[in-house]
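*Asks:* Given the structure of chain A, go ahead and fit chain B onto it with the hints provided.
For the record, the sequence lines run as chains A and B.
Just so we're aligned, residue 1 is where the first sequence starts under my numbering, counting upward by one.
Just so we're aligned, residue 292 is where the second sequence starts under my numbering, counting upward by one.
Keep in mind that the hints were calculated from the coordinates and are not lab data.
Please read all numbers here as calculations on a predicted model, not as lab measurements.
Using N, Cα and C, we set each Cβ at its ideal position, and we do this for glycine too.
It is possible that some hints are incorrect.
Quick partial rundown of chain A residues pointing at chain B, CB under 7 angstroms, derived from the structure [as the list claims (entries may be wrong)]:
{"#": "1", "residue": "I42"}
{"#": "2", "residue": "L235"}
{"#": "3", "residue": "V236"}
{"#": "4", "residue": "E252"}
{"#": "5", "residue": "T261"}
{"#": "6", "residue": "A262"}
{"#": "7", "residue": "W264"}
2 protein chains.
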Amino acid sequence: MTAFQNLQDEICQSLEELDGEGKFAQDLWTMSSGGGGGRTRIIEAAHIEKGGVNFSHVSGTVSDQLKKILKKEGKQYHATGVSIVLHPVNPFVPIIHMNIRYFEMDDEIWWFGGGIDLTPHYIDDSEAAFLHESLRSVCDRTDKAYYSRFKQWADDYFFIRHRQETRGVGGIFFDRLDQSEGHSKEELFDFVLGVGQEFTKIYKQLFVKNFQRKYTDDNVAWRNYRRGRYVEFNLVWDRGTRFGLETGGRTESILMSLPATANWIYDYKPEANSAEAHTQARLKKGVDWIV
Amino acid sequence: MTAFQNLQDEICQSLEELDGEGKFAQDLWTMSSGGGGGRTRIIEAAHIEKGGVNFSHVSGTVSDQLKKILKKEGKQYHATGVSIVLHPVNPFVPIIHMNIRYFEMDDEIWWFGGGIDLTPHYIDDSEAAFLHESLRSVCDRTDKAYYSRFKQWADDYFFIRHRQETRGVGGIFFDRLDQSEGHSKEELFDFVLGVGQEFTKIYKQLFVKNFQRKYTDDNVAWRNYRRGRYVEFNLVWDRGTRFGLETGGRTESILMSLPATANWIYDYKPEANSAEAHTQARLKKGVDWIV
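In isolation and in its complexed conformation, chain A is listed as follows (with noise of 0.2 angstroms):
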């Protein structure tokens, strides 16, 4: 899976051109137990706050608890994948997600999984749309049928239960994506592939349009709180990472999804009419943004 590899250099070198300054710094780890390990590069810099661009590819004999989660028996396993999370500085750039993996065990059991969804702490929906639309066209040139039902997969997925509320605009999730799909291990590769390299154009057009664009004290405050229920879905929600803290996955590359700074204030409504009642009534499944 050297294309994971170079998939991860190729997003690093478009994301310091795009901030300008930053320079990712890179951790090499292995696997305290088991084989592999992995390449763990952050950013934290003028205008991408704080971002992680990962790559890890690990191996080892299947325990008790991997086959209560996978629900199937088996002896050994690898797995790789390449996990993206940027928070930007500027409120008006979303947060951004993409995560693309590859899970193997015993050469006969195989599938892939990921997804890209955004989280804009200001909702635009042209930008909703134009992500939406960059996602179904990755879609459609491996299944007509997978846009529609990848994306309420992102909406189920990236929703944050206690609140009731969607981390924000979705995207699209898939998941044990293998050859009971129609689709050959090459098709699906290559679909993932895609999926990863779209990431990259994604993201430069919402950042090029929005990172110089003049922001206030204000906007600054919804933010952070945005921020705060970004760690909260990680943290309560989201199954890669709890599974990652359950079973002793390396903290730091895991948590690298966090932001550097979040804020929680009790009970906060926003202004009636304003921006950030806007973006709080649209956090809501089922939205068809593409219009």
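*Replies:* Quick look at chain B alone, frame taken from chain A:
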């Protein structure tokens, strides 16, 4: 259980006196399903940056989910408690948590739970000793075996597994104390009320000693970084928080435990031999704080 409500009143009054300026705001709420509700009281003030002192009393039909968690059969339940978390402004004043609770099912099954634990941003061994001596003396009044047992329980409970560090200097934690303890319901009720009353004495001493100490921006940065750990513990591991969020409890009352602001810095390590490094090194289970 008007004693619990009275305790809430007393504690709020004492904390307002300590802060000197802040006043608690109260939200009365009722359960959307089942019966009962609560009095959530929040302070956002000059010295206590964000704190909650909550009382609740809820009742209802025992759900399948609750049976699974309790590992007991039952029809009707009552649960009541007082729960406190305070996040001070001054980095040399510790974060503190106190909770006492009573649970009853079908008039036959009942138990008490609770505890106090302290999370200093900067550990001061003499203050940790004072905390533990105070808690030992409260425990000893009911049962000489309680302190060492509940101290260890707190070490195990307030443990951030994915960091392999304790949340702070511990304290006491206990759950499901019932007649099998060899104490009557009245004795155990007195015990938990004693814990609640001790809370004020403990916090007053630590607060008054430190709230006017001078501090630097670096102290604030470290405070916010340690608050990040508090968020991680509460959202990932705290059973009370997770139970509440997963069973449709009142989110804003549950998450009053989160700080106004928290920071994350990738793979941060305090400077060698600094006060921060001293604190980091002391966050271990099994420390005998009483010397």
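*Asks:* Which hint numbers doesn't this structure obey?
*Replies:* none
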